[in-house]
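Residue numbers (the working numbering), protein chains in the order written: chain B, 1 to 115; chain W, 116 to 233.
None of these hints come from the bench; they were simulated from the model.
All values derive from a computational prediction rather than experimental measurement.
Glycine included, each C-beta is placed from N, C-alpha and C at the ideal position.
Among the hints, a few may not be true.
[Said to hold, decoys possible] Which residues of chain W face chain B? A partial, calculated answer using Cβ under 7 Å:
no.: 1; residue: 157
no.: 2; residue: 158
no.: 3; residue: 180
no.: 4; residue: 221
no.: 5; residue: 224
no.: 6; residue: 225
no.: 7; residue: 226
no.: 8; residue: 227
[Stated by the list, open to error] Listed below are the simulated EDC-like cross-link pairs for lysine to aspartate or glutamate, each with C-alpha atoms no more than 20 Å apart in a straight line:
no.: 9; chain 1: W; residue 1: 159; chain 2: B; residue 2: 42
no.: 10; chain 1: W; residue 1: 130; chain 2: W; residue 2: 157
no.: 11; chain 1: B; residue 1: 107; chain 2: W; residue 2: 145
no.: 12; chain 1: W; residue 1: 130; chain 2: W; residue 2: 200
no.: 13; chain 1: W; residue 1: 156; chain 2: B; residue 2: 42
no.: 14; chain 1: B; residue 1: 52; chain 2: B; residue 2: 63
no.: 15; chain 1: W; residue 1: 159; chain 2: B; residue 2: 8
no.: 16; chain 1: B; residue 1: 68; chain 2: B; residue 2: 55
no.: 17; chain 1: B; residue 1: 107; chain 2: W; residue 2: 139
no.: 18; chain 1: B; residue 1: 56; chain 2: B; residue 2: 42
no.: 19; chain 1: B; residue 1: 60; chain 2: B; residue 2: 84
no.: 20; chain 1: W; residue 1: 156; chain 2: B; residue 2: 8
no.: 21; chain 1: W; residue 1: 169; chain 2: W; residue 2: 200
no.: 22; chain 1: W; residue 1: 156; chain 2: W; residue 2: 145
no.: 23; chain 1: B; residue 1: 107; chain 2: B; residue 2: 55
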Amino acid sequence: GNSVTQMEGPVTLSEEAFLTINCTYTATGYPSLFWYVQYPGEGLQLLLKATKADDKGSNKGFEATYRKETTSFHLEKGSVQVSDSAVYFCALSDHISNSGYALNFGKGTSLLVTP
Amino acid sequence: EAGVTQFPSHSVIEKGQTVTLRCDPISGHDNLYWYRRVMGKEIKFLLHFVKESKQDESGMPNNRFLAERTGGTYSTLKVQPAELEDSGVYFCASSHKEGPGQNNSPLHFGNGTRLTVT
């Protein structure tokens, strides 16, 4: 089945540093790709998504580009803030039934941003 | 609008006991999903309801797990009897249309239930 692999954490950065969290995928067909974020004590929230090759998803200063040639969807942010400390999950949509889809997640990458 | 709510937020039980987790999806969302994250591992799909019907339960780990969605509103996930390896965070999500890959049908997640089996 389809799957994603993301870099292991934890990642610790100083405020205003550049962030990259790598994510690669294995898929048949052309899944949609997502980044979800889980802030402490909260549920998963959709951060951004891309539904086809070369699409760029962006939100809150984060961005990721759907790269079919390298099967990647790396998350980047130019200048992180303390409030970005959270766990980030890469995910793709996977067909699970005649009419249904589900998300396949990576293991999550914990990010800690220090002042 | 109220989000997806899950109850309880935490549960600590002994091996062999029974636990029931509850999920209230966003009102009007026909699609309801259960996921689980075991410590240090991926968030795994468990099953998918469309209204009260189980659309796919291929991710359910074994027959100790039983999910229901009577009336197509809230859902429960019962673990009986619980084992140590069932510890983890159980997430519920709902969406209006089927498929997180489709436009305008994002998954809305609850805060999860952290289950600890001792």
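Here is what the structure says about each hint:
1. 157: holds (5 Å)
2. 158: Holds - the Cβ of residue 158 (chain W) comes within 7 Å of chain B, reaching about 4 Å at its closest.
3. 180: Check failed: Cβ of residue 180 (chain W) comes no nearer than 16 Å to chain B, outside 7 Å.
4. 221: With a closest approach of 5 Å, the residue 221 (chain W) hint holds.
5. 224: holds (4 Å)
6. 225: holds (5 Å)
7. 226: holds (4 Å)
8. 227: holds (6 Å)
9. W:159 with B:42: Holds, at roughly 18 Å.
10. W:130 with W:157: violated (23 Å)
11. B:107 with W:145: Distance of about 28 Å is beyond 20 Å: violated.
12. W:130 with W:200: At roughly 10 Å apart (the allowed maximum being 20 Å), residue 200 (chain W) and residue 130 (chain W) satisfy the hint.
13. W:156 with B:42: holds (18 Å)
14. B:52 with B:63: Holds. Residue 52 (chain B) to residue 63 (chain B) sits at ~15 Å (cutoff 20 Å).
15. W:159 with B:8: holds (17 Å)
16. B:68 with B:55: holds (10 Å)
17. B:107 with W:139: violated (26 Å)
18. B:56 with B:42: violated (26 Å)
19. B:60 with B:84: holds (10 Å)
20. W:156 with B:8: The hint holds at about 11 Å.
21. W:169 with W:200: violated (24 Å)
22. W:156 with W:145: violated (28 Å)
23. B:107 with B:55: Not OK: residue 107 (chain B) and residue 55 (chain B) at ~23 Å, beyond 20 Å, violated.
In this structure, the earlier hints numbered 3, 10, 11, 17, 18, 21, 22, 23 are contradicted, and the remaining ones agree with it.
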